[in-house]
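Heads up: the sequence lines are chains A, B and C, in that order. Those letters in the first sequence? Residues 239 to 325, per the numbering used here, in order. Those letters in the second sequence? Residues 477 to 1453, per the numbering used here, in order. Those letters in the third sequence? Residues 2 to 183, per the numbering used here, in order.
FYI, nobody ran anything at the bench for these hints, they're computed from the structure. Glycine included, C-beta positions come from ideal geometry on N, C-alpha and C. Some clues are possibly wrong.
Mimicking PhoX-like on lysine-lysine, the simulated pairs with C-alpha atoms at most 25 Å apart in a straight line are [as the list claims (entries may be wrong)]:
id, chain 1, residue 1, chain 2, residue 2
1, C, K42, C, K132
2, A, K318, C, K51
3, B, K1290, B, K1237
4, B, K1237, B, K1149
5, B, K970, B, K867
6, C, K42, B, K1135
7, C, K20, B, K1059
8, C, K132, C, K67
9, B, K1095, B, K970
Cβ-to-Cβ under 7 Å is the rule here; a few derived chain C residues that face chain A [claimed, not checked]:
id, residue
10, R44
11, P61
12, G76
13, R77
14, P123
15, Q140
16, N145
Listed below are several chain B residues computed to face chain A (Cβ distance under 7 Å; list not exhaustive) [what the hints assert, rightly or not]:
id, residue
17, Q723
18, R731
19, D1162
20, Q1200
21, P1204
22, M1346
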Amino acid sequence: MRLPCPICGERDRREFYYQGAAVALNRPAPDADADAWQDFVYLRENLPGDHQELWSHDAGCGAWLVVTRNTVTHAVLGAKLASEADR
Amino acid sequence: MRVAGKGHIDRNSTVHFRFDGVEYQGFNGDTVASALLANDVRLMGRSFKYHRPRGVLTAGSEEPNALMTVGVGAGREPNVRATVQEIYEGLEVRSQNAFPALNFDLLAVNDLAAPFLSAGFYYKTFMWPRAFWEKLYEPVIRRAAGLGALSGAADQDRYEKAYAFCDLLVIGAGPAGLMAALVAARSGADVILADEDAQMGGRLLAETDTVDGLAGADWAADVLAELAGMDNVRLMTRTTVTGAYDQGTFGALERVSHHIARPDGRLPRETFWRIVAQRSILAAGALERPIAFQNNDRPGIMTAGAVRAYLNRWGVAPGKAVTVFANNDAAHRTALDLIDAGVHVTAVLDSRTDAQAQGDYRLIRGAQVCNSSGRTGLDAITYRTTSGQEKLATDCLAMSGGWNPTVHMTCHMNGRPSWDESIASFVPTAGAIPGMTVAGAALGVFSVQGCLASGADAARTVLQELGRSVADVEVPVADDAAYAIAPLWAVAGKGRAWLDFQNDVTVKDVKQAATENFRSVEHMKRYTTQGMATDQGKNSNVAALAVLADATGRGIPETGTTTFRPPYTPVPLAALGAGSRGKGFAPERHTTSHAASVAMGAPMIEAGLWYRPSYFPRKGESNWRQSCDREVGFVRNTVGVCDVSTLGKIDIQGPDAAKLLDFAYTNMFSTLKVGRVRYGLMLREDGHVMDDGTTARLGETHYAMTTTTAAAGLVMRHLEFITQVHHPEWDVRIMSVTEQWAQFAIAGPKSRDLVNGLVEKTIDNESWPFMACGPVRVAGIDARLFRISFSGEHAYELAMPARYGDALFRVLVKRAEALAGGAYGMEALNVLRVEKGHITHSEIHGRTTAFDIGMERMISANKDCIGKTMAARDGLLEDDREQMVGFKPTGAIKKLTAGAHLYSEGAEAVPENDQGYVTSAAFSPDFGHYIALGFVRGGAARHGDRLRLVDAMRGIDTVVEVCPPVFIDPEGGRVRG
Amino acid sequence: MANTLTLTATSPCYGLLPKTVGTCTLTETDLGTLTSVAPFKGRAVSDALKGAHGMAFPAPNRATGKDGARAIWFGRDMVLLAGPVPDPGLGDHAALTDQSDAWTCVTLSGEDAGAVLARLVPVDLRPAIFKQGHTARTQLGHMNASITRTGPDSFLILVFRSMAATLVHDLVTAMESLAARH
Ligand SMILES: [Zn+2]
């Protein structure tokens, strides 16, 4: 499996650390209700199909990426820097 | 028997090798199989389940029968295919699965018991009593049924892995693969051509075809010579592409030194390649399938293509009187080639009534072989025509049920092959592997001309996809005969007709599975074990499907296929794990004091990837406890020195540095004064503790953070997460400086004396109070001094550029010793911090909150931080949570151990009664007894309670008193001293 | 007592290098002062770097300068200045951090150098792809590394200081494997 780092180019999966669904981009306000926080910390959709994920290019440039990946075909459809991703 | 004038072997060489202790001769270029056949050895193994005598069935890596053990000693390798193993001078090969000897195997009685050993036998027979399985049934079955065995000793050979990249990977170097590689290479693409064989050329080496008027093998040699001379081509022989993976990644096993008599010890046995290719062309050819009939597994019966390969490539006639049994035209070549080489052909038996003879040989149309005879090798067959049964004396039967395209790799990413009625075979489904094009026989194109054209076509397609111009390469002229076949899977009749030779599965077994309602192909496979051997049913799966389809009244396409998974051929675990054994398992991180510590006799223990001194033994000390107690005494009474460089150090700079720290830590760092250090606690977003450490403010916008050794990488990534994902608008820069600084703890009542002997400007309690920090100069070099303490004593940490670490450590130890102290290791460090009630990841193990460790007041009310909201949720602030406490022994047994659990006195030690557990325990020389830290339900309010402590693992059952977790100097007078 | 104290510096590969096996030589390389330069938000460092040290601020995956004074791209928004003591003026534009002692720096050179690295490094180092002046943050074995091509057959390799022994072990093992094939 290979991921296209926007900075380094396409790299082997072993250089990356997987965080999970890209929900962290939308952290609830500190005073948001318990359900919002519960959703944010624990609940994930786990749908078959295109999926937004957070990966860290740990052994490369160190950038956090938002990767779009199809969980059925394993096709990687794109990656952008988390710092520049839509929120 | 060797045939004069045939074969691509070096007749000028003579190679001696031994099989089951007997010496034989062969030539360079021989495999064990070809050399044994040349020596008229037909019996090469015993079958897996019934111990039936078996000979070679094929001439390639799909061989199910002739599995052997190669070599002797620790590195001996079982289950090597005799058809793949090249011979070399001094090679030792042994047969497997026979006792006491190959030609007299006592376990052949299994064959007589065959009626009881059919499909599902194990499932039905050994179900009851359950307890018998592990002790009786399984060991007996394993001894009787099996393949070769490993030596049991550690393999001393080297294995390696490697990476390769290319525009185009061509898998298989037969006519299609060679042509594809040639077109792509001449067009300037970076090409890797990989073939599992020692010699490239594929079937061109095994047939008598001509290409552009040249012998096929000569044409292949010319193409290979051209390719070998090109910088953009890498030829990988003896390299099996074993799997196709995501995004154009392939696994490939290169057998580097299996063919070398006395390889250089530094040479790996195998290299496991990860090949990344923009595009791939699968030109893996096709595999010939046997026909099932009674006793079709006798040595001497092999595929027709194998007979031609032995004859044409190795100059070996596998028999003196050869019979051909086929359902297709292609197999008739076998008779022609044999006759041409002067070998007697008894007859060609063709199951088709309309078969045409292609030369001068006896053709019997509409004939089916229905039995064979011969004790350890074929001596006759019985065949049936409409006019009845005939017996025919023959010592070799060349059979062909047609060819199966090698579709395996196209199924590695969930693809399913499609049924092609015209060739009675499965063919690859287009697009099954992204970026892969299939060519030649693997696509179901069986003529040489067709393969050459198909290979060239595939290359053109790929080059166009890559946006490259295509070189003009003419496709050479070769045979273009049509492939004519009428399916024949199994000859009707009684007795056992073998499908899967390696797992001893018969037609009857498959039919029985269907009868017992295992009608799905996946169920049939598991019930009969069809296709579950190491060859994955390469020779037999399609025939077994056909038999199942017939038995269930469905068509073959409706019956479906099982899933081919990587690897295509077996890959040793040693190759997959190459580079990760011994020293390669993980990097060893050495501190700058490593050499000095080892020289002082300190046993080094692993702390993550780091190696740290456990203790520093001195003369007269007979166990580690004596050393540890002494080292604890240094710190409590004089001065001790310890390397703490392994703690994570992170440099944080920028206008928003304080914001980052306030958000990452529970407590405030924006209010910290320059030149001061503060203890900080970090939570995960779920409200549990992530890590702790101290952070110093070096300047208005400059902080130096420390983390625990274990969490250094985690915290670094976490801070990057905050600044890139949560707050990309902050202007702050983070840099790990763990490795830049050698940092030493100098701890104890005399620590300042030691420090003042080093620094250029003397310090005192006013200039360097507890939690002060700042720059100092030592020996003319800029250094950093922090007054912090993990031991609870008056202590400092001195940081210097790492190049001076070795020298500094030696000076510190010498000077500490002059003050009646010295170096201390991890054991003493642990005792000191347990005495002081300081936490480590034993306590903050992932399930503890700030509340649990009595630090809930460290979560600032004045700001948000990671984990703050979730730390306040219901259930995380209950009084009956397990809270951190200390323990003192009061029972008869005075030893306390980490991992022990706690129960009310008199309560049974069962999970329902669990009151908590011990996380850290140590013998305290200061108190003269064990002390411990741990967690107890509602522990903060239970100081003084007595609890039962049980460590079932170590057999400890005693009583402890719950106490506050800080044992020594709870008022903190010493650190301020 | 303090004024009489002298501390001797030790290099990360002290006692481990140089090593020559087959066509390849592995040597420790003293790059001089190492400083990570991480520009603050919206700050252009290139002019300051050019003015002070005569090197352009390298694009990602590139290194500028030459032996003695290089600027090696070192990660997201970060460059490693190797050689000169950084001009203090750079500190107005970027976070400067001394890294002089943090890295093991070695040079692998020789005909098989590329093949040796192909045993350990999961990135495409083919000469036409990874040219002189190209650099990569990647892995070497299990270690995070910075790899820069400094010549047709030579590479500058950096890993953490503490991993010097493992770096030498892994590289020498691969060098032996290649040498044994000749
Ligand atoms: Zn990257």
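Right, here's what the structure says about each hint:
1. C/K42 <-> C/K132: 30 Å, violated
2. A/K318 <-> C/K51: The given pair, whose Cα atoms are some 30 Å apart, is violated under the 25 Å limit.
3. B/K1290 <-> B/K1237: 21 Å, holds
4. B/K1237 <-> B/K1149: Answer holds: B/K1237 to B/K1149 is near 22 Å, not above 25 Å.
5. B/K970 <-> B/K867: Within the cut-off at roughly 17 Å; holds.
6. C/K42 <-> B/K1135: Holds: C/K42 and B/K1135 sit about 15 Å apart, inside 25 Å.
7. C/K20 <-> B/K1059: 18 Å, holds
8. C/K132 <-> C/K67: Given pair C/K132, C/K67 holds - Cα atoms ~14 Å apart, limit 25 Å.
9. B/K1095 <-> B/K970: The hint is violated at about 83 Å.
10. R44: With a closest approach of 16 Å, the C/R44 hint is violated.
11. P61: Since the shortest Cβ distance to chain A is 5 Å, the answer is holds.
12. G76: With Cβ-Cβ at 5 Å, under 7 Å, it holds.
13. R77: 4 Å, holds
14. P123: 4 Å, holds
15. Q140: 5 Å, holds
16. N145: 5 Å, holds
17. Q723: 4 Å, holds
18. R731: Nearest chain A Cβ about 24 Å off; hint violated.
19. D1162: Hint holds; B/D1162 Cβ to chain A Cβ min 5 Å, cut 7 Å.
20. Q1200: 4 Å, holds
21. P1204: 4 Å, holds
22. M1346: 6 Å, holds
Taken one by one, the earlier hints fail for this structure at numbers 1, 2, 9, 10, 18, listed in ascending order.
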